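Peer 1: Kindly generate the complete structure, drawing on both the sequences and the hints.
So the sequence shown is residues 1 to 56, counted in my numbering.
Because the hints were derived from the structure by calculation, they are not lab data.
Just so we're clear, the structure is a prediction, and the values are computed from it rather than from any experiment.
Take these hints with a grain of salt, some might be off.
Said to hold, decoys possible - Computed Cβ-Cβ distance ranges for the label pairs, DEER-style:
(1) Ala50 - Leu30: 56 to 66 angstroms
(2) Arg49 - Lys12: 32 to 42 angstroms
(3) Leu11 - Ile51: 50 to 60 angstroms
(4) Glu6 - Val29: 26 to 36 angstroms
(5) Ala50 - Trp8: 56 to 66 angstroms
Glycine included, each C-beta is placed from N, C-alpha and C at the ideal position.
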Amino acid sequence: MEFINESWQELKKVHWPSQKETYAATSVVLIVVLIFAVFLALVDFGLTRAIQAIIS
Numbered sequence: 001m002e003f004i005n006e007s008w009q010e011l012k013k014v015h016w017p018s019q020k021e022t023y024a025a026t027s028v029v030l031i032v033v034l035i036f037a038v039f040l041a042l043v044d045f046g047l048t049r050a051i052q053a054i055i056s
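Peer 2: Written out as structure tokens, the structure reads:
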């Protein structure tokens, strides 16, 4: 029971982000993931074309 009480006290000390901060951080993550996905798709497409050109 002591562990639960200590854990609860520590959780009370945590600075939880506001809804606005959460939305902002989530938006940044989604944008970065989207940019990285497009980059990887373009690299994949380019390498596929290059390898096909070399093989044929």
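Peer 1: Are the hints correct? Go through all of them and say.
Peer 2: Hint by hint, here is what the structure shows:
Against the hinted window of 56 to 66 angstroms, the Cβ-Cβ separation of Ala50 and Leu30 comes to about 30 angstroms, which falls outside the hint. For the pair Arg49 and Lys12, the beta carbons lie near 57 angstroms from each other, so the given range of 32 to 42 angstroms is not met. For Leu11 and Ile51, the Cβ-Cβ distance of about 53 angstroms falls inside the hinted range of 50 to 60 angstroms, so the restraint holds. For the pair Glu6 and Val29, the beta carbons lie near 32 angstroms from each other, so the given range of 26 to 36 angstroms is met.
Look at Ala50 against Trp8: about 58 angstroms separates their beta carbons, and that is inside 56 to 66 angstroms.
Of the numbered hints stated above, those contradicted by the structure are hints 1 and 2, listed in ascending order.
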